[in-house]
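Peer 1: So the sequence lines, in the order shown, correspond to chains A and B.
Counting in my numbering, the first sequence tops out at residue 129, every number present.
Counting in my numbering, the second sequence tops out at residue 404, every number present.
Keep in mind that the hints were calculated from the coordinates and are not lab data.
Please note: incorrect hints may appear among the correct ones.
What the hints assert, rightly or not - Taking lysine-lysine pairs in the DSS-like style, the calculated list, with each CA pair at most 25 Å apart, reads: (1) K101/A x K123/A; (2) K339/B x K109/A; (3) K213/B x K85/A; (4) K101/A x K85/A; (5) K37/A x K123/A; (6) K46/A x K85/A; (7) K43/A x K117/A; (8) K46/A x K117/A; (9) K339/B x K8/A; (10) K85/A x K43/A; (11) K339/B x K9/A; (12) K109/A x K43/A.
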Amino acid sequence: MTRRSLIKKMLMAIAAALCAWPVIGFIMPVRYRPPRKVLIREKLPKGSFLIEPEFVLFASETGPVAVSRTCTHLGCTVSFDETRKQFICPCHQSMFHWNGKYISGPAQKDLPRFEVKTSEDGKGYVVLI
Amino acid sequence: MRIEKTGEIATAALLISALSGFLLAYQYEVAEPFISATAIETVIPFGAFWRSVHFWSSQAFFLVLILHIWQCTGSMDRFCRHRKGRIHWTVVSLTLPLAMYALFTGYVLRFDGTGQAAGKIAEHLLLNVPIAGSMLDRMLMATSTEGLNRVYTVHILFTALCWGLGTWYHTRRVIVGRKIFLYTLTAVVITGVLIHAPIDLPGQNLHLIKGPWFFLGIQELLRHMAPITAGIIFPMIPLAIVALFPWLRKRSGIYSALAIWSSVYIIATVVTLAR
Ligand code: HEM
Ligand code: FES
Chain A
1 MTRRSLIKKM
11 LMAIAAALCA
21 WPVIGFIMPV
31 RYRPPRKVLI
41 REKLPKGSFL
51 IEPEFVLFAS
61 ETGPVAVSRT
71 CTHLGCTVSF
81 DETRKQFICP
91 CHQSMFHWNG
101 KYISGPAQKD
111 LPRFEVKTSE
121 DGKGYVVLI
Chain B
130 MRIEKTGEIA
140 TAALLISALS
150 GFLLAYQYEV
160 AEPFISATAI
170 ETVIPFGAFW
180 RSVHFWSSQA
190 FFLVLILHIW
200 QCTGSMDRFC
210 RHRKGRIHWT
220 VVSLTLPLAM
230 YALFTGYVLR
240 FDGTGQAAGK
250 IAEHLLLNVP
260 IAGSMLDRML
270 MATSTEGLNR
280 VYTVHILFTA
290 LCWGLGTWYH
300 TRRVIVGRKI
310 FLYTLTAVVI
320 TGVLIHAPID
330 LPGQNLHLIK
340 GPWFFLGIQE
350 LLRHMAPITA
360 GIIFPMIPLA
370 IVALFPWLRK
380 RSGIYSALAI
390 WSSVYIIATV
400 VTLAR
């Protein structure tokens, strides 16, 4: 390669990077979205549960527990099997206990939990996602 | 069939897919993807028909494109005499990943059980790519932060790029004979009337989702291997071989590599189908 063609190639690379910069800089930012609160307007009796799109809320002996339904493998929404009290993922069949503990499948990790508070009027719950 | 014919059929199918896609876009709503797709399928006059036309012309485009590329590998001496021809091949072969991603995002746009799962898996796979992961996700998917906005944009953008590469760059003009166009249209319409485009009912597949047909092999491999291996590196192998074919074609191992890859993929697909 001659020096001339090397310089030409380098200039082209710099030009390409200069063109890509404003494009990638425009695409990358995530607009700010405040954390979402999901309001549950009922008090669950102890031992019962409520299936929501993003989590399942359990009224356990030690208080309310909200277990995320996002699979820790590749993010599919896990289903709650009510008879076996287990989560199962429809995509690659990972399984989890009701409290989110990992049982089997490619996921390897426990399902995370969301923070749950009693709602201000005391008649329900607020789950922070 | 001659090479020119498969090229023409692919172009005709892409044209029908794009036109029916723009028609669907009039009633499709990105903010309510599943509800609007269901409305198109069930209540809007001719909605089911146009979904079917779009679905089947898209499948036809993808399949005929693969056939076209396969046929062309048989007469490589024509393309490979000069460096310019080899580079032309590599650039035009980009239509394959573009078409595959356009097809894939179509399933995500439907946003039924299968579509939602496909979108989530694709996003996680992209994020698993070292270094460029979050950039690829922001460019190609980003469903967790942007809903389907970007998926929809890329669906149309990649169609446009396929069209541009296949006509403006590859053949310098649009080559679709009237006859070929009518035959393709007839085949698509008949198939569409006989077999509707699928859509899952809510809660239909809570314990087992089977993804789009061309994704089933990857889905099985994802049960056994690291996401980056099964979801990114493995599917890249045939795409890379096709793209670099003019440089690799004299190597003896290349056809056996393709044969082994296809066998693994077909077996994995059958295993998922049998679940
Ligand atoms: C400018 C071109 C295009 C536009 C505007 C467009 C638009 C759309 C829209 C609005 C949908 C959702 C409709 C629904 O699911 O009911 C859709 C779905 C879909 N698209 Fe496209 N599309 C275009 C090109 C393509 C191409 C080139 C392909 C394939 C290579 C493709 C494959 C699909 C598939 C497989 C679906 C799912 C079909 C269904 O279940 O309804 N599209 N497209
Ligand atoms: S996404 Fe849940 S097991 Fe793969």
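Peer 1: Given the hinted pair K109/A and K43/A, is their alpha-carbon gap at most 25 Å?
Peer 2: Violated. K109/A to K43/A sits at ~30 Å, over the 25 Å cutoff.
Peer 1: Would you check the hint for K339/B and K8/A, treating anything up to 25 Å between C-alpha atoms as holding?
Peer 2: 51 Å, violated
Peer 1: Given the hinted pair K46/A and K117/A, is their alpha-carbon gap at most 25 Å?
Peer 2: Measuring from Cα to Cα gives roughly 16 Å; hence the hint holds.
Peer 1: Hinted pair, alpha-carbon criterion (25 Å max): K43/A, K117/A. Please report holds or violated.
Peer 2: Measuring from Cα to Cα gives roughly 12 Å; hence the hint holds.
Peer 1: Can you confirm whether the C-alpha distance between K37/A and K123/A stays at or below 25 Å?
Peer 2: 16 Å, holds
Peer 1: Do the alpha carbons of K46/A and K85/A lie within 25 Å of each other, as the hint requires?
Peer 2: Judged against 25 Å, a Cα distance of about 15 Å means the pair holds.
Peer 1: Against the 25 Å threshold, does the CA-CA distance of K101/A and K123/A hold or violate the hint?
Peer 2: 29 Å, violated
Peer 1: For K339/B and K9/A, compute the direct alpha-carbon distance and say whether it is at most 25 Å.
Peer 2: Distance of about 47 Å is beyond 25 Å: violated.
Peer 1: Is K101/A close enough to K85/A, meaning Cα to Cα at most 25 Å?
Peer 2: Holds, at roughly 12 Å.
Peer 1: Regarding the pair K85/A and K43/A, is the alpha-carbon distance no greater than 25 Å?
Peer 2: 20 Å, holds
Peer 1: Is the Cα-Cα distance between K213/B and K85/A 25 Å or less?
Peer 2: Distance of about 63 Å is beyond 25 Å: violated.
Peer 1: Below or equal to 25 Å on CA atoms is what counts here, so check K339/B against K109/A.
Peer 2: With a Cα-Cα distance of about 23 Å, the restraint between K339/B and K109/A holds, given a limit of 25 Å.
Hint compliance for this structure: hints 1, 3, 9, 11 and 12 are not met, and every other hint is.
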